[in-house]
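Engineer: Below are the chains, spelled out letter by letter.
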Amino acid sequence: MWNISGVNVGQTPVFRNSQRLLQGFAILLVTALRPKRTSICCVAGPLQCDRRKAARENNKYGDLQAMLMGLKRLFAFLFLSILTPMTFAQQAASEAVGDAVGEAERWGVNMTQGVTEVSRTTYDLHMLIFWICVVIGILVFGVMFYSMWRHRKSKGYQASQFHESTLVELAWTIVPTLILIGMAVPATKTLYDIYDTKEADLDIMITGYQWKWKYDYLGSDVSFFSNLSTPQAQIHNELPKSENYLLEVDEPLVVPVNKKVRFLITANDVIHAWWVPDLAVKKDAIPGFVNEAWTRIEEPGIYRGQCAELCGKDHGFMPVVVKAVPEDEYHSWLNERAAAAARIKELTNKTFTFDELYARGEKVYNSTCVACHQANGQGVPGAFPAIAGSKVATGPMDGHLSMVVNGSSKNPAMQAFGAQLSEVDIAAVITYQRSAFGNNMGDTVQPIDILNFKNK
Amino acid sequence: MAHGPKPGFTRWLYTTNHKDIGSMYLWFSFAMFLLGGCMALVIRAELFQPGLQIVQPEFFNQMTTMHGLIMVFGAVMPAFVGLANWMIPMMIGAPDMALPRMNNWSFWILPFAFAMLASTLFMEGGAPNFGWTFYAPLSTEYAPPSVTFFIFSIHIMGASSIMGAINIVATILNMRAPGMTLMKMPLFVWTWLITAYLLIAVMPVLAGVVTMMLMDIHFGTSFFSAAGGGDPVLFQHVFWFFGHPEVYIMILPAFGIVSAIIPTFARKPLFGYSSMVYATASIAFLSFIVWAHHMFTVGMPIAGELFFMYATMLIAVPTGVKVFNWVTTMFRGSMTFETPMLFAIAFVILFTIGGFSGLMLAIAPADFQYHDTYFVVAHFHYVLVPGAIFSITAGVYYWLPKWTGHMYNETMGKVHFWLAFIGLNVTFFPMHFVGLAGMPRRIPDYALQFADFNQIASVGAFLFGAAQLVFLFNVVRTVRGGGKATDEVWENPQGLEWTVPSPAPYHTFSTPPAVR
Numbered sequence: 093m094w095n096i097s098g099v100n101v102g103q104t105p106v107f108r109n110s111q112r113l114l115q116g117f118a119i120l121l122v123t124a125l126r127p128k129r130t131s132i133c134c135v136a137g138p139l140q141c142d143r144r145k146a147a148r149e150n151n152k153y154g155d156l157q158a159m160l161m162g163l164k165r166l167f168a169f170l171f172l173s174i175l176t177p178m179t180f181a182q183q184a185a186s187e188a189v190g191d192a193v194g195e196a197e198r199w200g201v202n203m204t205q206g207v208t209e210v211s212r213t214t215y216d217l218h219m220l221i222f223w224i225c226v227v228i229g230i231l232v233f234g235v236m237f238y239s240m241w242r243h244r245k246s247k248g249y250q251a252s253q254f255h256e257s258t259l260v261e262l263a264w265t266i267v268p269t270l271i272l273i274g275m276a277v278p279a280t281k282t283l284y285d286i287y288d289t290k291e292a293d294l295d296i297m298i299t300g301y302q303w304k305w306k307y308d309y310l311g312s313d314v315s316f317f318s319n320l321s322t323p324q325a326q327i328h329n330e331l332p333k334s335e336n337y338l339l340e341v342d343e344p345l346v347v348p349v350n351k352k353v354r355f356l357i358t359a360n361d362v363i364h365a366w367w368v369p370d371l372a373v374k375k376d377a378i379p380g381f382v383n384e385a386w387t388r389i390e391e392p393g394i395y396r397g398q399c400a401e402l403c404g405k406d407h408g409f410m411p412v413v414v415k416a417v418p419e420d421e422y423h424s425w426l427n428e429r430a431a432a433a434a435r436i437k438e439l440t441n442k443t444f445t446f447d448e449l450y451a452r453g454e455k456v457y458n459s460t461c462v463a464c465h466q467a468n469g470q471g472v473p474g475a476f477p478a479i480a481g482s483k484v485a486t487g488p489m490d491g492h493l494s495m496v497v498n499g500s501s502k503n504p505a506m507q508a509f510g511a512q513l514s515e516v517d518i519a520a521v522i523t524y525q526r527s528a529f530g531n532n533m534g535d536t537v538q539p540i541d542i543l544n545f546k547n548k
Numbered sequence: 382m383a384h385g386p387k388p389g390f391t392r393w394l395y396t397t398n399h400k401d402i403g404s405m406y407l408w409f410s411f412a413m414f415l416l417g418g419c420m421a422l423v424i425r426a427e428l429f430q431p432g433l434q435i436v437q438p439e440f441f442n443q444m445t446t447m448h449g450l451i452m453v454f455g456a457v458m459p460a461f462v463g464l465a466n467w468m469i470p471m472m473i474g475a476p477d478m479a480l481p482r483m484n485n486w487s488f489w490i491l492p493f494a495f496a497m498l499a500s501t502l503f504m505e506g507g508a509p510n511f512g513w514t515f516y517a518p519l520s521t522e523y524a525p526p527s528v529t530f531f532i533f534s535i536h537i538m539g540a541s542s543i544m545g546a547i548n549i550v551a552t553i554l555n556m557r558a559p560g561m562t563l564m565k566m567p568l569f570v571w572t573w574l575i576t577a578y579l580l581i582a583v584m585p586v587l588a589g590v591v592t593m594m595l596m597d598i599h600f601g602t603s604f605f606s607a608a609g610g611g612d613p614v615l616f617q618h619v620f621w622f623f624g625h626p627e628v629y630i631m632i633l634p635a636f637g638i639v640s641a642i643i644p645t646f647a648r649k650p651l652f653g654y655s656s657m658v659y660a661t662a663s664i665a666f667l668s669f670i671v672w673a674h675h676m677f678t679v680g681m682p683i684a685g686e687l688f689f690m691y692a693t694m695l696i697a698v699p700t701g702v703k704v705f706n707w708v709t710t711m712f713r714g715s716m717t718f719e720t721p722m723l724f725a726i727a728f729v730i731l732f733t734i735g736g737f738s739g740l741m742l743a744i745a746p747a748d749f750q751y752h753d754t755y756f757v758v759a760h761f762h763y764v765l766v767p768g769a770i771f772s773i774t775a776g777v778y779y780w781l782p783k784w785t786g787h788m789y790n791e792t793m794g795k796v797h798f799w800l801a802f803i804g805l806n807v808t809f810f811p812m813h814f815v816g817l818a819g820m821p822r823r824i825p826d827y828a829l830q831f832a833d834f835n836q837i838a839s840v841g842a843f844l845f846g847a848a849q850l851v852f853l854f855n856v857v858r859t860v861r862g863g864g865k866a867t868d869e870v871w872e873n874p875q876g877l878e879w880t881v882p883s884p885a886p887y888h889t890f891s892t893p894p895a896v897r
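Read top to bottom, the protein sequences are chains P and H.
Heads up: the first sequence begins at 93 in my numbering, then just goes up one per residue.
Heads up: the second sequence begins at 382 in my numbering, then just goes up one per residue.
By construction, these hints were calculated from the structure, which means they are not laboratory data.
Since we're looking at a predicted model, the values are computed, not measured.
By construction, the Cβ of each residue, glycine as well, lies at the ideal position given by its N, Cα and C atoms.
Be careful, since some hints might not be right.
FRET-style restraints, in silico, Cβ to Cβ [stated by the list, open to error]:
(1) P:G530 - H:V857: 51 to 59 Å
(2) P:N503 - H:W513: 20 to 28 Å
(3) H:I581 - P:A467: 51 to 59 Å
(4) H:W513 - P:E209: 44 to 52 Å
Let the hints inform the model, and build the full structure from the sequences given.
Structural biologist: The following block contains the structure:
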């Protein structure tokens, strides 16, 4: 169906800007389409108009004048039609973006040089080919524009009738081939470098899910999901947008600097692509297959990227954030994460109150379930079922447990969360769902019940 | 003439006349162009600002998918078939197409295919939302139920294209006037002959891949599901084995049109006719061995990456030859700049820019940064909009006086050109920038640093859309009346189509003309 959201059109920035847009176009069209005589007459006044008319009738300078007038109109038209959208868009953009992004980052026109050797080599390769194209472009377009300027019928130029030259044709077949070979050599070298995933210091398994990333630090117990942390209110224009709008996550991938980190990339549902421009790493995450990539980051810092392969509804909302830290900081972070994982495991045996579970469940819901079932629990009709008043959430506990732990047998979009969330979080989110959104079941389920259900 | 067209609607329903069918193809294609264009405007309106304003992500994805499918299969391909129907018999001195009844059939199944495709917008779960490239498993296990209708409509479009292609091959090979040897054929005929072979070769592959999807969805096979022993990457290989020749299907006839227009307005024969033919054939051959350059990031072995990189770079050679030939044709000509010539020159310049970004994309290591960003969107819109759309527009202005017997309004044509030219560049040029700066394609919302260029692009898109209304108005006006066109229309144009009266009679070349 037409999923057009119920926005009040009159108050949106789009509408305000579109008024300005219309004004611009009106001026543009009037200038361009005004009939020849009136356009100059109106501007120049009756006196000059008469003189021009006389000149035209005389036909002494008539041709020249007509050409000048034509050129004038053409330039006015070109100028306005480029300027109008530019100024208008610039103003509107400033309004929308506000102070959130520094001027330096705006109007970015080129690839990043990045923070790895590979990213710099890639950048150099990109610029090399770009400049070769620019030179060829200047030559070809130069000849073309020269010819369009000189060889016009209106200048009385007589057409020559030549139509072949074996020598010239051979030359422009062979020379481009040589240029291509020149490009292929550095490209091949870089490609070999990118493909060399041997002898890594650290392996991280990256798994794409609709619509989040999971990171497993191989050889340790550390494993977590990385979800978009931009609040829905910012996306729906209810709050001002923060600096890293759509490029921020709850838990970034933490890696040590100056270590060769190998990524083993796969997916759980559909194809995703893991991409961080500053690392020059982009690799498809394909369900059932494992791809390899690697990086060696040279400067500590936070590097942001996004999923690059269309993966469904929230493809635009699954960013990648990599935090590169010095090695000792990395190790203390890893130990802390391992200890936290152990603590969560211990919690499985604890008995929680309804309020504790409900509060925790709300957080889990808002990071894990909200993308499909929506903040109000109403889902998206035709695509994602509602939680509010659903048969599962207001039915027997076992059915609800099974849906969350094992996923839906009918709809692959409902994943098996048993392996994705801890027992505590599953217990919390189920408790939450059964009492939120007016479901009012009021019952609780404890982490140990989830464990027992899984082991059944 | 023996007899004219039947009166009334049945003329169009039952017609086997190549001119009637050509006109129907062209009008159908223009309608689809406007429909697909409106979808593009929905996309651009949503991308005007960061945040979600107008549509939700599910619907946004349906718009990108339908825009692509409708433009490729509904606007560009039928327009070229329409031009082929009108012009090929007149260019080779044939009385009609070789298989006129099949011609009627291949057109009339198209409106049904697209009605079915468009109807998915109103189905539960919405229209196809997996991109026009419909990668599995997003388009199989995770697809909305309407995917089955999508598959069926693709089958019908494919059947239509194959029939159209067979008809064109049969016409060109069998119905040339005496003396019209292959190497005397106009380049439009040559490029269409080669395009028709491409169509016959790859449309069945597309039919195969959607059938495999159908089997996966409804009959329990696992071609593209790793869980059942299949491979999602297999989908991409099969799809792009169709998809890459497909992009040349959308550009080779354009080469033919431009090669007809530039010599006419430069008043000078086309430079390097035979090298043009060989270049077209080389491009067609290369199109079959470069498909995986669309898949550099799927994790192919390095030998595969290198092979597809080198093969792709090679395409620059014959394409370069064509561009050099056009420029040399203009060189030392005696040029005038009527609307068809303006569109043809813009074609050469902008298509070359699209070719440059194509060469950049061919470099595999650099492609890792470009892949699936707006840089790619900019690239293929630069080759398809000024490539396919501008050449079709140029062709329409060029031959419209011959079709209707009336001259179009030159001022309005020029206004159309400049609006379209500026609109196109304002729309698509900034996309190079946001793409390089890191904006992925197919996203309904974006990070703040991409806001400025996206707003400019959106404004340009509406300008480009408005330009097409000028075109529509001009064409309708010309069909209904206007200054009388001479039989030659232009100054000493080459080709048999200019030897028949304007408007071209319902039946032309009932007796074959003499070809020198």
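Engineer: All the hints need checking, so say for each whether the structure fits it.
Structural biologist: Verification of the supplied hints:
1. P:G530 - H:V857: 51 to 59 Å: Given a distance of about 57 Å, which is inside 51 to 59 Å, the answer is holds.
2. P:N503 - H:W513: 20 to 28 Å: holds, 24 Å
3. H:I581 - P:A467: 51 to 59 Å: holds, 53 Å
4. H:W513 - P:E209: 44 to 52 Å: Violated, at about 37 Å.
Hint check: a violation occurs at hint 4 only; the rest are consistent with the structure.
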